[in-house]
Amino acid sequence: MPPFHLIDPTRLAVELVYTLIVVFLCFTIYYKTREIFGLTKHDGIKYFRITFLFFGLAYISRFISVLLKLMVVTFDIYFPIHIFGIFPLLFIGYFSTMAILSLTYSILWKKLHIKHTFLLFNVIAVLISGIAFFSRSPSILILAQAVLLIFTSIIIAHYIFSNSRKISRLYILYILFFLFWIVNLIALGPRRLLPIEIQTVFQVISIAVIGIIYYKVAKWT
Amino acid sequence: MKRKRDRLEVIYDILKIIRHYNNSIKPTPLLRYSNLSSQSFSEYISELLDKGFIKEIIDEKGRKFFTLTDKGFEYLEKYKLIIGFIDEFEL
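As they're listed, the protein sequences go chains A and B.
Position in the first sequence counted from 1, then plus 221, gives you this note's numbering.
Position in the second sequence counted from 1, then plus 1495, gives you this note's numbering.
Incorrect hints may have been included.
27 Å max Cα-Cα, derived DSSO-like pairs, lysine-lysine [what the hints assert, rightly or not]:
hint, chain 1, residue 1, chain 2, residue 2
1, A, 262, B, 1511
2, B, 1566, A, 262
3, B, 1550, A, 262
4, A, 331, B, 1511
5, B, 1546, A, 336
6, A, 267, A, 440
7, B, 1546, A, 262
8, A, 253, B, 1575
9, A, 267, B, 1511
10, A, 437, B, 1575
11, A, 331, A, 437
12, B, 1566, B, 1521
13, A, 437, A, 267
14, A, 437, B, 1573
15, B, 1575, A, 332
16, A, 253, B, 1546
Far from chain A, by Cβ distances over 12 Å, these chain B residues were calculated [as the list claims (entries may be wrong)]:
hint, residue
17, 1516
18, 1518
19, 1525
20, 1529
21, 1556
Worth flagging that the hints you see were computed from the coordinates, not collected in a lab.
Keep in mind that this is a model prediction, so the values were computed, not measured.
Just so you know, even glycine gets a beta-carbon here, dropped at the ideal spot from N, CA and C.
Modelling step: build the complete structure from the supplied sequences, incorporating the hints.
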C-alpha cells in the first residue's frame, strides 16, 4: 500500500508552469508601460500598471503557499505550517487587494477623485490581509476578496453603463480576471474543494485572459 | 460647442506648435496659438519645463524662446500610441 502522503509531481509542475507564465505576463505588462507612464504621469496608466506588479507578486506568494503545503504532505517532514504557512497568506491578501483596488481605480479615477488614494488602498489591503493572517484561514481570505470583487465589479459596471450604456469587452475581461483570481485562491483551501483537473482548466483559461490583456498592451507599447 | 481638451492633448498641441515654428518660438505667440488662458498657459509651461519636455533659451539680445528637448520630440512621436493605449483600457 502506498504511503498516504504521496508527492504529486503533476500538480507541482502545473502550479510552477502556471505561476511562471502569469508572473512573466504581469511583470512584462508593468515593464512595457513604463515608458508611456514616464512621458505622461497619467493617473490611469499609473494604477493600471501597478495592478500587474501587485498581481505578479500575489501569484508568487500564492505559489509559495501551495509549495509549502505540498512540501508538508509530500516529504512528511516536521514543518510548523501553522506558523510559516500563514505568512504567504498575509502577502497574498495584501498584494491581491492592492491589485484589485488599483485596477478598479484606473478606470474610475476621473470620476472619483479620492484624496490619499494609495494610503486608503493600503489601509484596506492591510485590513484584509490582517483578517486572513489572524484567522489563519484561506477561506476567510477567499470570502473577503469575493466581497471586495463583487463590490468593485458593481461600481465599475455602474460607471461603464452610465457612460456608454453598454458593457464593454474590457469589463468582461476584467471580471474574468478577477474571477479566476478567486478560483486560484480556492487552491489554497481544502483539497476537496476543487479537483485538480477543473482547477487546471481554469488556469489555462486564466492564462488566455491575461494573454489577451498582454496582447492589448503590446499593441500600443 | 467645442469639447474641452484634456491635459495630454493640450501638452501635445503646445509641443506641436513649438515644433512647427522650427523648434523655436517666443512665449507670446506660443500663448496665442495654444489657445489657453494666461494662467493655464503658465501652468502648462511650468509643467513642461519641470518634466523636461521643453527648455528655455535666451539669445544674445535677451529674448526668450522655447525649444523642444529630446523628451519633447519623443512625446510627439508617441502621442498616438499613448492615446490608443488610454482608449483601449478606458483609463
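Okay, the hints, checked on the actual structure:
1. A:262 / B:1511: holds (19 Å)
2. B:1566 / A:262: holds (13 Å)
3. B:1550 / A:262: holds (19 Å)
4. A:331 / B:1511: Status holds; Cα separation ~26 Å.
5. B:1546 / A:336: holds (23 Å)
6. A:267 / A:440: holds (18 Å)
7. B:1546 / A:262: holds (10 Å)
8. A:253 / B:1575: holds (16 Å)
9. A:267 / B:1511: holds (25 Å)
10. A:437 / B:1575: holds (15 Å)
11. A:331 / A:437: holds (22 Å)
12. B:1566 / B:1521: holds (20 Å)
13. A:437 / A:267: Between residue 437 of chain A and residue 267 of chain A the Cα gap is close to 17 Å, so the pair holds against 27 Å.
14. A:437 / B:1573: With a Cα-Cα distance of about 16 Å, the restraint between residue 437 of chain A and residue 1573 of chain B holds, given a limit of 27 Å.
15. B:1575 / A:332: holds (24 Å)
16. A:253 / B:1546: Holds - the C-alpha atoms of residue 1546 of chain B and residue 253 of chain A are around 20 Å apart, at most 27 Å.
17. 1516: Correct as stated: the minimum Cβ-Cβ distance to chain A is 22 Å, above 12 Å.
18. 1518: holds (18 Å)
19. 1525: holds (21 Å)
20. 1529: holds (18 Å)
21. 1556: holds (34 Å)
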